[in-house]
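Peer 1: Each chain, written out:
Number of protein chains: 2
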Amino acid sequence: MKVSLGRKTLLLAHPVLIVGSYDKDDKPNILAISWGGICNSGPPSITISLRKSRYSYQGILDSGAFTVNIPSVDQAAEADFVGIKSGRDMDKFKETGLTPIRSEIVNAPYIKEFPVNIMCKLIKHEDLGYHTQFIGEIVDIIADESVLNEKGMPDIKKVNPIVYDTISKSYFGIAEKIRKSGL
Amino acid sequence: MKVSLGRKTLLLAHPVLIVGSYDKDDKPNILAISWGGICNSGPPSITISLRKSRYSYQGILDSGAFTVNIPSVDQAAEADFVGIKSGRDMDKFKETGLTPIRSEIVNAPYIKEFPVNIMCKLIKHEDLGYHTQFIGEIVDIIADESVLNEKGMPDIKKVNPIVYDTISKSYFGIAEKIRKSGL
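Sequence lines, in order, name chains A and B.
Okay, so the first sequence: first residue is 669 according to our numbering, each after it adds one.
Okay, so the second sequence: first residue is 669 according to our numbering, each after it adds one.
Take these hints with a grain of salt, some might be off.
Copies of the same chain look alike in the list, so a pair counts if it fits in one copy or across any two.
Distance condition first, Cα-Cα at most 27 Å in a straight line; then the derived DSSO-like pairs of lysine-lysine [unchecked claim]:
#, residue 1, residue 2
1, K826, K676
2, K837, K825
3, K720, K825
4, K848, K792
Keep in mind the hints are simulated off the structure, nothing from the lab.
Throw the hints in and build the complete structure from the sequences for me.
Peer 2: So this is what it looks like as structure tokens:
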């Protein structure tokens, strides 16, 4: 039997995306979001939704750039920390021990220790209500050599990314492969 | 060492979302997408990106509504099938044995057999290039009673949702919990 749950924002398997940007004083900041994903293949683009109250909001608008960094399962504590705390109150890089690296192609910092880093140029933003949706054009992706497969692309089992469930407020890893697509 | 992969659309852990809509003849159709997710909490909204060439594209625009259905791991074959084949060529419900149910609150069909069904009213669409982004306001979510936890919300381990990796073109389940958020 189906039960109505009302107007909610649940989707169960959300990605864990750590967004990097500079503030007006060029201080690097990071925050964790689960509301985002690829939205276009040409130009390759990613969307992230942020509340205006988040410290990174103005920095992304001012700098016109951000990075999306994908953590591994063993970096879940750092990912959670930067999602809970605000860059207004602390230097989250210092607190977590993560290292900001200035991207050579966009005006935003990426996280050295995270295995996959997506460089984005802000091309659009729109106020949707509580959240503002930013769309960034992906101008490069870099990855640790150690997580690449024999074709030079990231191997999901080596990256070992995290999935977040907003209902149980818990982080999960990826299990074994179920099947390959017929594509 | 970091290696540049260029302009790509990879994100590793994509959700598997089965989108339901009616075509101009009121025939129900479904397609699988991985480029979508929650984008706003007020109003609660979900975004999905589709190519104009997809059969569902016009149907969603004409009916102003769609559903997002979340399959379980044991429904990965059906999810993959409806992502590969086109509703132009066949009735995907008939081919998969899935059952379309007319939503009582939006003009779109949901999938009876899938454990979580999200009812969406189209509020916005924008051509981003290769893909068009649709934003739907979530007007209700329904779920199988059997997947709910003691608080009446979906339990991720009972729903057992699927994650898709575009690099290996493979489906994965969710592993055991890593940690609870400090939220």
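Peer 1: For each hint, tell me whether it holds in the structure or not.
Peer 2: The hints, checked one at a time:
Taking CA atoms no more than 27 Å apart as the test, K826 paired with K676 passes between copies only; the shortest distance there is 19 Å, against 33 Å inside one copy. Proximity of K837 and K825 under a CA criterion of 27 Å is satisfied in both settings, with 23 Å inside one chain copy and 13 Å between copies. Proximity of K720 and K825 under a CA criterion of 27 Å is satisfied in neither setting, with 35 Å inside one chain copy and 33 Å between copies. Proximity of K848 and K792 under a CA criterion of 27 Å is satisfied in neither setting, with 35 Å inside one chain copy and 33 Å between copies.
In this structure, the hints that do not hold are numbers 3 and 4, in rising order.
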